[in-house]
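Protein sequence lines, in the order shown, are assigned to chains G and S.
The numbers in the working numbering rise by one with no breaks, and the one at position 17 of the first sequence is 17.
The numbers in the working numbering rise by one with no breaks, and the one at position 87 of the second sequence is 1087.
Treat the hints with caution; some may be incorrect.
[Unchecked claim] Covered stretches of chain G, as calculated for chain S (at least 3 residues, CB under 8 Å): (1) 84 to 96; (2) 184 to 190; (3) 245 to 255; (4) 276 to 288.
Everything labelled a hint here was simulated from the structure, so no lab data went into it.
Computed from a predicted model, the values in this text were never measured in an experiment.
Every residue gets a Cβ at the ideal spot worked out from N, C-alpha and C, and that includes glycine.
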Amino acid sequence: MRQFTKHGKIVWISCLKHSQSKHFGSPLIRLCRFTTPVRCHTIIQCAVVGSGPAGMYCAQRLLKGLERVKIDIYESLPVPFGLVRYGVAPDHPEVKNVTNTFTSILSEDRVEFCGNIHIGKDVRTKMLQEAYHIVILSHGADAERVLGIPGESTAKNVISAREFVGWYNGLPQNRCMQNKLDLECEEAVIVGIGNVALDVSRILLSPIDLLAETDITEESLEVLKKSKIRRLTLLARRGPLQVAFTIKEFREMTKIPDVLTIFDQPEMVSSLQSVIPDLPRPRKRLMDLMLQTSKATVPAAKKEFHIRFLHSPTSFNVDEDGKLCSVTCAINELHPETKKVLSTSSQNTIMGGLAMRSIGYQAIPLESELPFDVHQGIYKHQVGRLEGMPGTYCCGWVQTGPEGVILSTMSNAFALSGTILKDLKSMRIEEKPGLDIVKNYLSAQGHPVVSFEGWRKIDAEEQRRGKAKGKPREKMTDVGEMIQIAI
Amino acid sequence: MAAAIILLRHVLPRTKCIATAYFQPQYLRSYSPVRRNFMQTSPAPKKARVTVTFIRHDGKRLQIQGKEGDSLLDVVVNNDLDLEGFGACEGTLACSTCHLIFKKEDYDRLPDRPSDEELDMLDLAYGLSDTSRLGCQVVLTKDMEGLEVQVPSGTSDARGS
Chain G
1 MRQFTKHGKI VWISCLKHSQ SKHFGSPLIR LCRFTTPVRC HTIIQCAVVG SGPAGMYCAQ
61 RLLKGLERVK IDIYESLPVP FGLVRYGVAP DHPEVKNVTN TFTSILSEDR VEFCGNIHIG
121 KDVRTKMLQE AYHIVILSHG ADAERVLGIP GESTAKNVIS AREFVGWYNG LPQNRCMQNK
181 LDLECEEAVI VGIGNVALDV SRILLSPIDL LAETDITEES LEVLKKSKIR RLTLLARRGP
241 LQVAFTIKEF REMTKIPDVL TIFDQPEMVS SLQSVIPDLP RPRKRLMDLM LQTSKATVPA
301 AKKEFHIRFL HSPTSFNVDE DGKLCSVTCA INELHPETKK VLSTSSQNTI MGGLAMRSIG
361 YQAIPLESEL PFDVHQGIYK HQVGRLEGMP GTYCCGWVQT GPEGVILSTM SNAFALSGTI
421 LKDLKSMRIE EKPGLDIVKN YLSAQGHPVV SFEGWRKIDA EEQRRGKAKG KPREKMTDVG
481 EMIQIAI
Chain S
1001 MAAAIILLRH VLPRTKCIAT AYFQPQYLRS YSPVRRNFMQ TSPAPKKARV TVTFIRHDGK
1061 RLQIQGKEGD SLLDVVVNND LDLEGFGACE GTLACSTCHL IFKKEDYDRL PDRPSDEELD
1121 MLDLAYGLSD TSRLGCQVVL TKDMEGLEVQ VPSGTSDARG S
């Protein structure tokens, strides 16, 4: 933005607006530059696929950088905010405060929320690319990594932490999970040592009264109330120095009432003492906290939370009913220099009637035509520009891989928006139809679209239902019901 | 009363602050990155005004007047300062987007030390320094007049720096 002053008037002119104009540099423009802002140029049509943090922060920056822009935010569900609604744990309501910012973005005149449209299924990506100047793919990582070991898909009560998270957060596709989940056992195993593993551990071990005040779904609360789990073991492939969780989440684990955090190999944690002073501050503080926790005197507790390092599951073993009873693990060691995982011949069997896999999410492309790197699980791109598809970009986890907190996604979105704004300067902008063409196509198919006003109705109804139960909201888990209320 | 306070909050800071916020075009101001209503509920008439300068990573200096008792995040929000993504969790110690870097002498003079919870969040911030704090946890006092703080780049370009 530049500020020009002449004849005591202040006129704001967007640099970008000029460079894009076909009159750029012409005497006409130079003349009017000091009189009125240019109003005659084309509106930039921008489609954002996915309404999670990546898409929202991208929209925020583009709104700021472009005066004449229309941003349509597509979402496959009738409700916005992606993992902020369906990933952030219910007992972390403060993280969900970002939705206030997102709501103010969605209520902007230049933004339109288009819910219940699954790009790649209801509408082809190609249609978007033709209708819009800019298409931003920010749909996140919809799938998850698997272990690929015997019993993983056949043993009863071996489930994915991702589905479990989706279920207690009210994600429609996981709403019937209670049918395949059995919390009647006393011992459970979680494979993985990231923040998702800690989230599900916290939900499984927290006193039920604490959860009842959150926006956790009523169905899951009922199941969790009956849970008999009192010993939970987290299995980590590598050692204490390589844990993936962050310190806030670990500190919370150590503070759950009546739950004891136990390192099954305390000697591995105490051996950290010598390396801690040389670590960078964040790692140093986390290792220090783990060390303090491992040293703490052990009072009796109702429930136990165990962490076991250097264990890689090799098979899920079942009893005569086909239900999980134990997990066989290979004991690993770390290469002294590269810290790569090396399997040893030793084995260990851990008892457990429930196992959850929490070894990371994985992005899948919207359509097979899009350039996608299956190995890395991200789109093929150069700083966010999709390979061979000018005008199409990827943002968030589909660009960086499924790692990091909201801050990292925000930074990524802001950086990508900068790239887009730069690209627009050299892009030839011709009139494009934008949303009209997509809406016409969908109405011809009789496909319902949920608008921002529709979402507000769902939101109000959810809050009303929650209020009756002393919760911030009771999420609807049925897409049909959501659409009925919205339209 | 509430309406009057809101009006005051919107009129006063703008007339007092220099350049940036006041002269922003309407469309930049049309939404603020954060809209909150849980801070600043009491009218508290006689609070000292404190001048604070935020130095953005692009070198731009944003000088504004904050009120004694406000946190630095309040100051940013109440003045609609142009700091993108600042205060995403709205001051609840759930993110590190209000990360600020103080001068050593100012940092040492701050009345309280960061809590474990604040340090936990700071540990996730880009460009963490020994004099980093979260803006939502630093409350203005009279003797902070003339305070200057750096707003580190929150973008991934700065990762690893």
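*Can you give the numbers of the hints that this structure goes against, from lowest to highest?*
Structure breaks hint 2 only.
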